[in-house]
Amino acid sequence: MKARIHVFLKEGVLDPQGKAVMNALRTLGFGEVQSVRQGKFFDVETDPLAPGESEARLREYCQKLLANPVIENYRVEVLEP
Amino acid sequence: MKARIHVFLKEGVLDPQGKAVMNALRTLGFGEVQSVRQGKFFDVETDPLAPGESEARLREYCQKLLANPVIENYRVEVLEP
Amino acid sequence: MADPKVTRALALQHGLTDEEWEKALSILGRTPSYPELGIFSVMWSEHCSYKSSRVHLRRFPTKGPRVLQGPGENAGVVDIGDGWAVCFKMESHNHPSYIEPYQGAATGVGGILRDVFTMGARPIANLNGLFFGRPDHPKTAHLMKGVVAGIGDYGNCIGVPTVGGQVTFNPCYDGNILVNAFTLGLLRADKIFRGYASGVGNPVLYVGSKTGRDGIHGATMASAEFSEATEEKRPTVQVGDPFTEKLLLEACLELMAEDVIVGIQDMGAAGLTSSSFEMAGRAGSGIRLDLDRVPMRESGMTPYEILLSESQERMLIVAEQGREARVREIFHRWGLDAVAIGEVTDTGRAEIFWHGERVVDMPVGPVSDQAPAYERPMREPAGLQSRTALDVASLPPVAPAAALLALMGHPDLCSRRWVTTQYDQTVRTNTVLGPGADAALVRIKGTTKAVAMSLDVNPRYCKLDPFEGGRLAVAESARNVACVGAKPLALTDCLNFGNPEKPEVMWEFARSVDGISEAAAAMETPVVSGNVSFYNETNGVGIHPTPTIGMVGLLEEVDARLDPAFKEPGDAIVLLGETFGHLGGSAALWVLFGLEAGSPPSLDLSAELRLIALLQELAAHGLARSAHDCSEGGLLVTVAECGLASGSTLGADLSLATRGLSPLARLFGEDASRAVVTAPRGGEQGVLETAARLNVPAAVIGTVRRERLVVRLDGNPAADLSMAQLRAAWENGLRPIVG
Amino acid sequence: MKVAVVRFWGSNCDHDAIEWAPRVLGLASEVIWYEERELRGADLVVLPGGFSYGDYLRPGAMAARTPVMEAVIAHARRGGLVIGICNGFQVLCEVGLLPGALLRNQTLTFLHQEVVLRCETAGSPFTAGIGKGRLLRMPIAHGDGNYFADAATLSRLKDEDRVAFRYVDAEGGLDPAHNPNGSLDAIAGILSEGRNVLGMMPHPERASEALLGSSDGAEILQSVLGSFQRA
Ligand SMILES: Nc1ncnc2c1ncn2[C@@H]1O[C@H](COP(=O)(O)OP(=O)(O)O)[C@@H](O)[C@H]1O
Ligand SMILES: [Mg+2]
Numbered sequence: 023m024k025a026r027i028h029v030f031l032k033e034g035v036l037d038p039q040g041k042a043v044m045n046a047l048r049t050l051g052f053g054e055v056q057s058v059r060q061g062k063f064f065d066v067e068t069d070p071l072a073p074g075e076s077e078a079r080l081r082e083y084c085q086k087l088l089a090n091p092v093i094e095n096y097r098v099e100v101l102e103p
Numbered sequence: 023m024k025a026r027i028h029v030f031l032k033e034g035v036l037d038p039q040g041k042a043v044m045n046a047l048r049t050l051g052f053g054e055v056q057s058v059r060q061g062k063f064f065d066v067e068t069d070p071l072a073p074g075e076s077e078a079r080l081r082e083y084c085q086k087l088l089a090n091p092v093i094e095n096y097r098v099e100v101l102e103p
Numbered sequence: 024m025a026d027p028k029v030t031r032a033l034a035l036q037h038g039l040t041d042e043e044w045e046k047a048l049s050i051l052g053r054t055p056s057y058p059e060l061g062i063f064s065v066m067w068s069e070h071c072s073y074k075s076s077r078v079h080l081r082r083f084p085t086k087g088p089r090v091l092q093g094p095g096e097n098a099g100v101v102d103i104g105d106g107w108a109v110c111f112k113m114e115s116h117n118h119p120s121y122i123e124p125y126q127g128a129a130t131g132v133g134g135i136l137r138d139v140f141t142m143g144a145r146p147i148a149n150l151n152g153l154f155f156g157r158p159d160h161p162k163t164a165h166l167m168k169g170v171v172a173g174i175g176d177y178g179n180c181i182g183v184p185t186v187g188g189q190v191t192f193n194p195c196y197d198g199n200i201l202v203n204a205f206t207l208g209l210l211r212a213d214k215i216f217r218g219y220a221s222g223v224g225n226p227v228l229y230v231g232s233k234t235g236r237d238g239i240h241g242a243t244m245a246s247a248e249f250s251e252a253t254e255e256k257r258p259t260v261q262v263g264d265p266f267t268e269k270l271l272l273e274a275c276l277e278l279m280a281e282d283v284i285v286g287i288q289d290m291g292a293a294g295l296t297s298s299s300f301e302m303a304g305r306a307g308s309g310i311r312l313d314l315d316r317v318p319m320r321e322s323g324m325t326p327y328e329i330l331l332s333e334s335q336e337r338m339l340i341v342a343e344q345g346r347e348a349r350v351r352e353i354f355h356r357w358g359l360d361a362v363a364i365g366e367v368t369d370t371g372r373a374e375i376f377w378h379g380e381r382v383v384d385m386p387v388g389p390v391s392d393q394a395p396a397y398e399r400p401m402r403e404p405a406g407l408q409s410r411t412a413l414d415v416a417s418l419p420p421v422a423p424a425a426a427l428l429a430l431m432g433h434p435d436l437c438s439r440r441w442v443t444t445q446y447d448q449t450v451r452t453n454t455v456l457g458p459g460a461d462a463a464l465v466r467i468k469g470t471t472k473a474v475a476m477s478l479d480v481n482p483r484y485c486k487l488d489p490f491e492g493g494r495l496a497v498a499e500s501a502r503n504v505a506c507v508g509a510k511p512l513a514l515t516d517c518l519n520f521g522n523p524e525k526p527e528v529m530w531e532f533a534r535s536v537d538g539i540s541e542a543a544a545a546m547e548t549p550v551v552s553g554n555v556s557f558y559n560e561t562n563g564v565g566i567h568p569t570p571t572i573g574m575v576g577l578l579e580e581v582d583a584r585l586d587p588a589f590k591e592p593g594d595a596i597v598l599l600g601e602t603f604g605h606l607g608g609s610a611a612l613w614v615l616f617g618l619e620a621g622s623p624p625s626l627d628l629s630a631e632l633r634l635i636a637l638l639q640e641l642a643a644h645g646l647a648r649s650a651h652d653c654s655e656g657g658l659l660v661t662v663a664e665c666g667l668a669s670g671s672t673l674g675a676d677l678s679l680a681t682r683g684l685s686p687l688a689r690l691f692g693e694d695a696s697r698a699v700v701t702a703p704r705g706g707e708q709g710v711l712e713t714a715a716r717l718n719v720p721a722a723v724i725g726t727v728r729r730e731r732l733v734v735r736l737d738g739n740p741a742a743d744l745s746m747a748q749l750r751a752a753w754e755n756g757l758r759p760i761v762g
Numbered sequence: 485m486k487v488a489v490v491r492f493w494g495s496n497c498d499h500d501a502i503e504w505a506p507r508v509l510g511l512a513s514e515v516i517w518y519e520e521r522e523l524r525g526a527d528l529v530v531l532p533g534g535f536s537y538g539d540y541l542r543p544g545a546m547a548a549r550t551p552v553m554e555a556v557i558a559h560a561r562r563g564g565l566v567i568g569i570c571n572g573f574q575v576l577c578e579v580g581l582l583p584g585a586l587l588r589n590q591t592l593t594f595l596h597q598e599v600v601l602r603c604e605t606a607g608s609p610f611t612a613g614i615g616k617g618r619l620l621r622m623p624i625a626h627g628d629g630n631y632f633a634d635a636a637t638l639s640r641l642k643d644e645d646r647v648a649f650r651y652v653d654a655e656g657g658l659d660p661a662h663n664p665n666g667s668l669d670a671i672a673g674i675l676s677e678g679r680n681v682l683g684m685m686p687h688p689e690r691a692s693e694a695l696l697g698s699s700d701g702a703e704i705l706q707s708v709l710g711s712f713q714r715a
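Chains as they are written, first to last, in my numbering: chain L, 23 to 103; chain F, 23 to 103; chain D, 24 to 762; chain H, 485 to 715.
Where hints are given, some of them may not hold.
Simulated pairs of lysine-lysine, DSBU-like, Cα-Cα distance not exceeding 30 Å [as the list claims (entries may be wrong)]:
#  : chain 1 : residue 1 : chain 2 : residue 2
1  : L       : K32       : F       : K86
2  : F       : K62       : D       : K168
3  : L       : K41       : F       : K32
4  : D       : K233      : L       : K24
5  : F       : K24       : L       : K24
6  : L       : K32       : L       : K86
7  : D       : K74       : F       : K86
8  : F       : K62       : L       : K32
9  : F       : K24       : L       : K32
10 : F       : K32       : L       : K86
11 : L       : K24       : F       : K32
12 : F       : K32       : D       : K233
13 : D       : K162      : F       : K32
14 : D       : K162      : F       : K62
15 : L       : K41       : F       : K86
16 : H       : K642      : L       : K32
17 : F       : K62       : L       : K24
18 : L       : K32       : F       : K32
19 : L       : K41       : F       : K24
20 : D       : K74       : L       : K41
21 : D       : K162      : F       : K86
22 : F       : K86       : F       : K24
23 : D       : K74       : D       : K468
24 : D       : K74       : F       : K62
25 : F       : K62       : F       : K24
26 : F       : K32       : D       : K168
27 : L       : K41       : D       : K525
28 : L       : K86       : D       : K233
29 : D       : K468      : H       : K642
30 : H       : K486      : L       : K41
Treat the hints as calculated values from the structure; they're not laboratory data.
Please build the complete structure, drawing on both the sequences and the hints.
Structure representation (structure tokens):
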């Protein structure tokens, strides 16, 4: 299976990196930029999983390791079964 | 405009973080994981741009700031015009 | 994909000259295979073979009673007594850092750390010399931010404190920044490991990260000028993995505690090729490798690519026969690959196989130690004479206070805090003096000793007179070490120059080597390791000669140390050494008038030696409370720095006689062999008497006071500044660059 | 009192932490490898600073999921003493022994500098011997020390007197200019609900010797020993 997992800061958690990127873009002359939030993503390849099991497994990766529930949310997406 | 930009390491460029995440997942019992590559994404909101201009502008953000052309590639995606 | 056919044209594309191609043909007695051509091209590159510099480097003094290992190994080793030794080296990562500042600088630190722990030493201190273009060059900010973060992140992650260095800006580095990384490690004097592939039948093990296509031809890239065309040919940039390096460090040191290793060397520039050829070459043996056993990160790699890859965090080990299992056990405990990929032979040849097929069969000796060596033509640069002519009398007068503020706030002289706060300075709990002192001081646990380190070079001096510039760099670094009370022991160097095929560059190089040699011999500080970086040149414009010196000294009693900070109001300020008011090549000329002109101060080596002895004696006998060397910026800058170093707001009341010198020359002249020390009120007699006994000129020039820096010249007020004002200028000096 | 220091892959302040108890208290430290499931009778467990697993993914994330941490959690649940320094603090937040998280420094850079800490409570074994209001000098050295917790958690920490240390100026006053990393409420260290687990970003083990500039950090260990002996 091929999948992509997005991990991003929860609403309300300060994102200093995103803010710095926004400021830098504006300084570079891109005055139209109103907000930037930065996150991580993971492209994962696995051995074939039982049909219908993939999403649950990806969510397990997030709960057990990839995301810190205190500050982060995640979204999983199966790209190829 | 709302957009999402993915920035990721070029093929063949070492991804120490992805490698460490893969090893950690396998140690946690997810033996099916074969590879992990880690990347960054940016959720960007801007003032409205001239129609048809958005993608070019997003690419400019990448070239001027968000991506390091020596080791990274990027992909831009307009979510809402 | 089939290998391309090897022809003369392909060899030339690989950077070989016609002569070198002929030599390769005659060594083999046939046309090389494609992997063999790759091997010739990297082994005979400037970077690996030192073909332009070898004949000159022989002039360095390299021996001394404390030298346990001189040049020729991965790093030099010096005895510090009680069974301990220190191992150190400096290396450049200039070209990669210009292309990708963060990764380039990071992998530079990774490489020098491996050079040191491959000798069996635990790295305990890093220093770095950074040379950027003019502060307002459009690329400077980006390069500086990337380089500093890269150096910091790598050293911080590994857990080696970064305790000192140098940052210099000059337009000559606009297109070629320099990143020189120094590491010092600690080891037992009787447990030095070397890069020897000896003992027929002993297994050759590959340990560390897997091999990818990283940095193929990195060594050849470091051996050519930049131009628009090379920007296209950029090789895959190496990405550093400090976490893996930390595991590699721990695994190697654990293994070295047992009798398992015969020889070990890191895979640095030219990767597996140079490590295997050099190890076999040193031992006079042969080596057999099966490339298909090399752990690979990418699929479809060819023998050529595997041999030339510069993937980071890898080492080659020759183990005692029958002990492979132990090596694997220890490396697996640290999560690392350890794979036997070959063995030591008695053939004197490198025989390399790919799935059973022999793809390389070359004699080791002729390729490794009989690489070409050139006596390149040399010529003094035209126009040097006119540059060194300087009419000081024609300079407009300056107001000392304004001049001092301009100097303290200039990027070359201002606070390095923005840089150094990004470096972990105290991990390992040994740092007695970190950045900000004349020399860094790192204690040796279990003893009363500490090791002092300073990194110095003044490129302006070297441009104007490479011989004197080389001597002055050695003298300043030794003086810096003495300022904390330590005895200079030995040095390492990183010789950064332009294109050696230009006779003018070669002349500068040879003169620098002569200057360094003469001073190092006089100071009895042999050169134990070093590095040459040529081709620091873009579109035909080369850098100033920049021979960075890393001096290492020993302080037997760490409690006797001195630091630059003023301590108490009322303390006497004593200037040691003689003032001539020399302005050639000075920071004052550059900062105030934009001039890089005149000749650098001339150095009297015997006066320098006396000053260095005096500083050590003042420290040992507790006669001085602070000491700071008087170098870039001259006397007034030195005094201001002592006040700023105090953290509080101590300044000084200075009373000086001009004795025929202009205020500019008196206050900002840069004479060699001077230092400013303080003594408690009434204690100045002890300093003056000791100085007289050691034949060093010394004079009380004022007292420490609170809050202001007040200068009188011949009894007249000449400057009166608040320390707060000086601090503001000094602390904000890098702000225009880094924000 | 038996002291143990956990060593993860990539820990780099492990040696400093291992030498801490011998230097300050004359007590040996046991070293526990990340794969072990037993703490070998330790009374005080120290999770050292320094880039376990390279700080890849998130600082402390991978160390938090190693076998030894199950033992540390069990030890803490039994009331056993735990100090997490720097990366150790990050690990304690990742496993949930302490609330909140440590985000990237506000400067977005690694920061090494000396800081002044104000001890905010005497109500813990780690601070009883120091006393509320005392000022301590020691270095910080981290890229991710920006303490964050949601509003409810923060007010609980305050209500329950669980803030152990705050960043202050030289006189002991709160001042944003002396909050180096942007931590919420200038928090430098916090206590668990049971007050037996301390996490702090600054490095007391690097400030336990006059030769290195400060010995204030030694007081934390001395306090622990005092409390232990009283108990
Ligand atoms: N890149 C750097 N990394 C760490 N420390 C540095 C760096 N650059 C300068 N420093 C430190 O800042 C102080 C001032 O540097 P410098 O002016 O070159 O000293 P000096 O003139 O005495 O040789 C020294 O203590 C030096 O070690
Ligand atoms: Mg210097």
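Each hint, compared with the structure:
For the suggested pair K32(L) and K86(F), the alpha carbons sit about 28 Å apart, so the restraint of at most 30 Å is met. Between K62(F) and K168(D) the CA atoms are separated by roughly 20 Å; this keeps the pair inside 30 Å, and the hint holds. The hinted pair formed by K41(L) and K32(F) meets the criterion: a straight-line CA distance of about 26 Å does not exceed 30 Å. Restraint check: the Cα-Cα separation between K233(D) and K24(L) comes to about 23 Å, which is no more than 30 Å; the hinted pair holds.
The suggested pairing of K24(F) with K24(L) holds, with an alpha-carbon distance near 27 Å, which does not exceed 30 Å. At most 30 Å may separate the alpha-carbon atoms for a hinted pair to count; K32(L) and K86(L) meet this at roughly 18 Å. Our distance criterion of 30 Å between C-alpha atoms is broken by K74(D) and K86(F), whose separation comes to about 40 Å. Straight-line distance between C-alpha atoms of K62(F) and K32(L) comes to about 16 Å, which keeps the hinted pair within the 30 Å bound.
Proximity of K24(F) to K32(L) is assessed by CA-CA distance (about 18 Å); at most 30 Å being required, the pair is judged to hold. For a cut-off of 30 Å, the pair hint linking K32(F) to K86(L) stands: about 28 Å separates their Cα positions. Taking the CA atoms of K24(L) and K32(F), the gap is near 18 Å; set against the 30 Å cutoff, the hint holds. Restraint check for K32(F) and K233(D): the C-alpha separation of about 17 Å stays at or below 30 Å, so the hint holds.
For the given pair, K162(D) sits about 24 Å from K32(F) by alpha-carbon distance, which is consistent with the 30 Å threshold. At most 30 Å may separate the alpha-carbon atoms for a hinted pair to count; K162(D) and K62(F) meet this at roughly 24 Å. Straight-line distance between C-alpha atoms of K41(L) and K86(F) comes to about 17 Å, which keeps the hinted pair within the 30 Å bound. The straight-line distance between the Cα atoms of K642(H) and K32(L) is roughly 23 Å, inside the 30 Å bound, and the hint therefore holds.
At roughly 18 Å between alpha-carbon atoms, K62(F) and K24(L) fall within 30 Å of each other, so this suggested pair holds. A distance of roughly 29 Å separates the Cα atoms of K32(L) and K32(F); the hinted pair therefore holds under the 30 Å criterion. The suggested pairing of K41(L) with K24(F) holds, with an alpha-carbon distance near 16 Å, which does not exceed 30 Å. Using a Cα cut-off of 30 Å, the hinted pair K74(D) and K41(L) is violated, with the two alpha carbons roughly 51 Å apart.
Annotation: proposed proximity of K162(D) to K86(F) holds, straight-line Cα distance about 13 Å (limit 30 Å). Restraint check: the Cα-Cα separation between K86(F) and K24(F) comes to about 19 Å, which is no more than 30 Å; the hinted pair holds. For the suggested pair K74(D) and K468(D), the alpha carbons sit about 41 Å apart, so the restraint of at most 30 Å is broken. Taking the CA atoms of K74(D) and K62(F), the gap is about 44 Å. The hint is violated against a cut of 30 Å.
A C-alpha spacing of about 17 Å is found between K62(F) and K24(F), which places the hinted pair at or below 30 Å, so the restraint holds. Restraint check: the Cα-Cα separation between K32(F) and K168(D) comes to about 23 Å, which is no more than 30 Å; the hinted pair holds. For the hint linking K41(L) to K525(D), the alpha-carbon distance of about 49 Å lies beyond 30 Å, and the restraint is violated. As the CA atoms of K86(L) and K233(D) are separated by approximately 27 Å, the hinted pair is consistent with the 30 Å bound.
Proposed proximity of K468(D) and K642(H) is contradicted: the alpha carbons are some 41 Å apart, above 30 Å. At most 30 Å may separate the alpha-carbon atoms for a hinted pair to count; K486(H) and K41(L) exceed this at roughly 46 Å.
In summary, the structure is inconsistent with hints 7, 20, 23, 24, 27, 29 and 30 from the numbered list given earlier, while agreeing with the others.
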